[in-house]
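Visitor: Sequence:
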Amino acid sequence: MILIPAPKKLKINQGEFNFPNKLFISIPTKSLLASAKMLKKELENIGIEAFISLHNGEKTVIESKINRSKVKKHSGYILTISNKNIEITANNVAGIHYAFMTLIQIIKNFGLKIPQLDIFDFPSIKNRGYLLDISRDKVPKLETLFYIVDLLSQLKFNQLQLYVEHTFSYQNHEKVWKDYSPLSGEDIILLDNYCKERFIELIPNQASFGHMEKWLIHNEYSYLAETFEFDTPWEEHYNTPFSLSPVIEDSIKFLDNLYKELLPHFSSKYFNINADETFDLCQGKSKKLCEKVGKGKVYLDFILKIYNLLKKYNKKMMMWADIIKNYPELVNEIPNDITFLIWGYEKNHPFEDECKLFKNRKFYVCPGTSSWNSLVGRLENSILNIKNAAKNAVKFKASGLLLTDWGDNGHWQHFPISFPAIFYSAGVFWGFEENKDVNIENAISLYFEKEVADILTAIGNAYKLTGIDFPNSALFALVYIYPDKINKEFLEKISIENLILTKQFLEEQLQKASKINDSLIKEEIKNNIEVSILATELLISTKKANVSSISKLPSVTKEEFSIRLEKLIENYKKIWLSRNRSGGLKFSIEKLSKIKKFL
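For the sequence shown, the UniProt record's numbering assigns the number 1 to the initial residue and increments by one for each residue that follows.
Derived from the structure by calculation, the hints contain no laboratory data.
Any given hint might turn out to be false.
Simulated DEER-style distance windows between Cβ atoms [said to hold, decoys possible]:
#1 Lys356 <-> Asn546: 49 to 59 Å
#2 Glu186 <-> Ile468: 42 to 52 Å
#3 Ser495 <-> Lys305: 29 to 39 Å
#4 Lys126 <-> Asn308: 56 to 66 Å
#5 Lys72 <-> Lys113: 51 to 61 Å
#6 Ser267 <-> Glu489: 19 to 29 Å
#7 His74 <-> Lys596: 50 to 60 Å
In silico lysine-lysine, BS3-like type, Cα no more than 27 Å apart, as pairs [what the hints assert, rightly or not]:
#8 Lys292 <-> Lys312
#9 Lys72 <-> Lys22
#10 Lys37 <-> Lys316
#11 Lys72 <-> Lys586
#12 Lys269 <-> Lys397
#13 Lys126 <-> Lys397
#14 Lys485 <-> Lys552
#15 Lys512 <-> Lys597
#16 Lys596 <-> Lys515
#17 Lys214 <-> Lys597
#18 Lys574 <-> Lys591
#19 Lys59 <-> Lys8
#20 Lys84 <-> Lys22
#21 Lys503 <-> Lys395
#22 Lys11 <-> Lys84
#23 Lys287 <-> Lys305
#24 Lys73 <-> Lys11
Quick caveat, the model's predicted, so the values are computed rather than measured.
Cβ coordinates follow ideal geometry from the N, Cα and C atoms, glycine included.
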């Protein structure tokens, strides 16, 4: 039997329970209606007519109740399947919801006849979240967000964040968001209610320090910028504004204006201000102050201003820990009710050392799907990154775990590419020891076709076949992100034999993908594979021609690649619009088309 997450205790007894043609499901409170309806839908899939009731009567077959003296673990439950009925006893309503989700999976495994068994289960980590980037061009349709919430709910996640830089339709700031089809206040109200009904907390998220370039490029806001050119830690020079300047008094007034409009739409008591990657701090307007009091102190003082601002909105602050971790002497100067979000996305990220730094504070550990900048994923890296994060979250008693799913450089990966990471995280976020070695293909196959599971896990490791590894990215995507950097030095690092092997492997998976029944998922997977194959063939052709860049390939070769890319982009547009809003699509395609200048 496949259960994801696998429970703490499972005892399978002799005998079976046979579902009757009609049955009643009892719930102790109306707040469980959506959960019970999810169970009802699964029963209907196997031909059972189910009725939901607040009354526990003689015809009740699936009975649920709360008994904290019997189940003392927070959100824990006992699920007992006998030959006569199914009984659920839980610590709270969330526990009943989780029991229903487990029962759904048991039905998915066995159908009309399920084994008699006893399950005792509870989450090891209280907060288990998923963060989706909706600011790097791709803003999902509301029905897509509902689809994601349904999946997360069944996998026992209980928090969701949507990463926002500029993609909320602030009433007085249309110039910033008008080309991006942002989420509206109405969208958030509907989504917040939908999440609550499925025991997921929708946590507001708004970039509030760094990553403000979509605002600061406009004249109305540019005076708030720290600087208009700066150097990054990876030795790149940027000619664009990026962070709010902490020495401009209006920076806090500006944030207050945003928070006043955004925050009332969310019922969560938390708010993620982000405040990460403030690379340009001290390189512009705050330079003199930094020289006087230190960069860490300037950063901290602005954070404390935001913290004090949030008091009037009755929200508890979350923030990324990547900047403050560099100033360990300042950590204890930050109020105790701020939650630090420790992030890192490589398999060997030093989560243990960073958790030690924040072990006496509230903190989450935040790994990633590794799907961004990859096209088809970096599965091994993702799984090891998530496992490392979950292990240290348990070891250092973290408040939560948060799986991040970013969209850097155009958000080219379609949603299914993140499935393996989402399913694996569902397991280890709930219970590390019971789920650390889960078979991901089997877990995905509970909800999607076996071909989908097999192909996603296969292409997710295609990056390893290239014989060259890159942090935060895979070779397939880098060809499109940095076509100008495909030079002689770069090409010498890549083996043509490995490229040919990779191409053949991807073509085999593409052939298998044609057998997928779900038409949208089939097209999504095929498109990401085909764009990866084209990148691989470009490198092979460049190597074979013994030229130093794509631009020096023969004209007929470049024309052929250009035509093929255009066809893939046309298909990409159609697929994008199936799940996502139209705004942002042109910007994503501009990034994907950058390589055309070299063809």
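Visitor: When the structure is checked against the list of hints, which entries are broken? Sort them ascending.
Guide: Violated hints (numbers, rising): 3, 4, 5, 6, 8, 9, 10, 11, 15, 16, 19, 21; every other hint is consistent with the structure.
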